[in-house]
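Peer 1: Below, each chain spelled out in residue letters.
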Amino acid sequence: RVRKWRKMIGVGGRDWKHYVRRKPDVVKRRIRKGIPDCLRGVVWQLISGSRDLLLLNPGVYEQLVVYETSASELDIIRDISRTFPSHVFFQQRHGPGQRSLYNVLKAYSVFDRDVGYVQGMGFVAGLLLLYMSEEDAFWLLVALLKGAVHPPLEGLYLVGLPLVKQFLFQLDCIVKEQLPKLGEHFSTEMINPSMYASQWFITVFSSSFPFQLSLRIWDVFLFEGPEIVFQIGIAVLKHCHDDLVKLPFERLMHALRNFPEDAMNPDVLLPLAFSIKVSKCLQESKDKYEKKKLK
Amino acid sequence: MASGGGYGDASQKVDYVFKVVLIGDSAVGKSQILSRFARNEFTLDSKATIGVEFQTRTMVIQHKTVKAQIWDTAGQERYRAVTSAYYRGAVGAMLVYDITKRQTFDHIPRWLEELRGHADKNIVIILIGNKSDLEDQRAVPTEDAKEFAQQEGLFFLETSALQATNVEEAFLTVLTEIFNIVNKKTLVAGGEDEQANGGGNTASLTGKKIVVPGPGQVIPEKRVCCSS
Chain A
170 RVRKWRKMIG VGGRDWKHYV RRKPDVVKRR IRKGIPDCLR GVVWQLISGS RDLLLLNPGV
230 YEQLVVYETS ASELDIIRDI SRTFPSHVFF QQRHGPGQRS LYNVLKAYSV FDRDVGYVQG
290 MGFVAGLLLL YMSEEDAFWL LVALLKGAVH PPLEGLYLVG LPLVKQFLFQ LDCIVKEQLP
350 KLGEHFSTEM INPSMYASQW FITVFSSSFP FQLSLRIWDV FLFEGPEIVF QIGIAVLKHC
410 HDDLVKLPFE RLMHALRNFP EDAMNPDVLL PLAFSIKVSK CLQESKDKYE KKKLK
Chain B
14 MASGGGYGDA SQKVDYVFKV VLIGDSAVGK SQILSRFARN EFTLDSKATI GVEFQTRTMV
74 IQHKTVKAQI WDTAGQERYR AVTSAYYRGA VGAMLVYDIT KRQTFDHIPR WLEELRGHAD
134 KNIVIILIGN KSDLEDQRAV PTEDAKEFAQ QEGLFFLETS ALQATNVEEA FLTVLTEIFN
194 IVNKKTLVAG GEDEQANGGG NTASLTGKKI VVPGPGQVIP EKRVCCSS
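Protein chains in written order, with my numbering: chain A, 170 to 464; chain B, 14 to 241.
FYI, nobody ran anything at the bench for these hints, they're computed from the structure.
On a predicted model such as this, the values are computed, not experimentally measured, just so you know.
Some hints could be false.
Unchecked claim - Among chain B residues calculated to face chain A with C-beta under 7 Å, some are: (1) A61; (2) F67; (3) V73; (4) Q89; (5) A162; (6) Q163; (7) G166; (8) A177.
Note that CB positions come from ideal geometry on N, CA and C, so glycine has one too.
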């Protein structure tokens with residue numbers, strides 16, 4: 170499998186674009202099966218468009234890290250030891266993991282002063298740093314938030330968290346449409362998506378789901394875009410549906426943060442997620458949200 | 014007086030459910046205070062809270078069973094866009110700062126303003142100076158905080174979630190005060206719109222009356238008991 174992947178990428182990634190253009194469905198299918206761990210870092214950079222950004226902007230990252238100061242420095246430092254605290258790479262105080270994490274977050278907070286630093290970005294940057302260098306992780310963050318191949322996600326972190334609010338609204342609509350019984354149960358128990366899904370969106374599942382599952386979600390997320398976040402969300406709820414509909418408020422709150430092990434198995438959850446169609450509902454709910462905002 | 018309840022999923026009948034929010038700057042120890050209170054735990058490698066977290070604990074106050082539903086919020090200012098909705102319907106607030114970080118105390122007036130803007134006027138508030146185990150790094154004198162609390166009409170305690178000092182007392186102070194208010198005033202059942210984040214049947218103090226959304230204390234029975 171790794172050999173197939175290597176061929177697809179080519180030396181230094183030179184065959185990648187050509188391959189994707191020629192056989193997009195093959196690429197999509199292979200990514201959905203999971204990118205081999207040893208190639209994950211390279212492939213993530215290729216599919217997110219961050220590789221191109223890096224090549225277009227030589228020296229920029231170093232400039233941001235070394236010469237600029239950020240108003241968020243203290244905020245970032247305060248959270249460094251509270252990001253993946255039990256992961257061996259980030260555990261050591263002032264160790265290489267924590268230093269890289271600080272540098273990437275600081276660089277981003279200078280690069281985009283409107284976003285600056287927001288709690289949650291650390292989990293995203295941390296996940297990336299396990300697979301690539303600081304500079305590569307920085308540009309991938311830029312690609313995601315500024316929208317290199319998919320719509321920009323900076324609204325997840327801008328003042329007012331506008332995109333978080335929109336996504337939560339959309340999730341609510343999709344739950345009600347696709348899992349009506351559960352949607353009704355949530356309404357009765359006064360559960361709304363902000364109580365359980367804020368983290369899903371803000372960290373793209375990197376802070377709350379098991380690591381191996383997050384990686385598989387990120388493979389697809391980077392290639393296909395944020396739709397997968399909704400598909401995964403609905404898939405989890407669907408998988409646990411029959412239990413969830415029976416639970417009263419408090420136990421629901423607990424269950425929505427502590428999914429059973431079988432629900433967290435990537436080979437169970439991902440196929441289920443792919444079978445869920447959300448694009449139409451996403452578009453409709455987005456229109457509805459925008460209308461509501463105007464009012 | 015009051016005595017503590019179990020930490021587990023109590024299945025006894027509940028007389029009252031009170032919604033309480035934990036607020037204050039980032040990294041002052043809100044989540045640690047909550048896990049100490051709700052589960053008697055302290056996590057050495059704790060994660061920053063993203064959005065909101067939720068825990069409950071049931072206690073006995075003056076022979077009545079009181080359940081606290083506690084919402085723990087992310088401290089960073091930008092998160093108020095999603096967390097301030099949780100103030101609604103809260104009857105108690107724990108306003109936390111870190112005694113070793115002056116700035117977290119200096120921000121307390123802003124948090125109070127935030128609370129008074131979004132929460133019920135009669136909400137019971139306690140000011141909490143956490144990390145009292147770090148006496149050698151103290152940056153906020155107890156007297157300053159005490160004086161401030163007095164001026165603003167807040168309860169005040171210094172706690173250590175790490176050493177489990179005063180955490181229980183802090184919650185008891187708030188819950189007992191709410192309990193007394195609820196008992197003193199007329200109970201009015203009403204169908205208040207608690208759609209946003211009310212989280213079910215919490216008593217809320219509105220104006221001079223106590224409004225218990227839904228059919229008053231009957232609900233907790235149905236809601237809490239049963240279920241294995």
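Peer 1: For every hint, state whether the structure bears it out.
Peer 2: Structure-based check of all given hints:
no.: 1; hint: A61; in the structure: holds, 4 Å
no.: 2; hint: F67; in the structure: holds, 5 Å
no.: 3; hint: V73; in the structure: violated, 18 Å
no.: 4; hint: Q89; in the structure: holds, 5 Å
no.: 5; hint: A162; in the structure: violated, 25 Å
no.: 6; hint: Q163; in the structure: violated, 30 Å
no.: 7; hint: G166; in the structure: violated, 31 Å
no.: 8; hint: A177; in the structure: violated, 21 Å
When the structure is compared with the earlier hints, violations turn up for hints 3, 5, 6, 7 and 8 and for no others.
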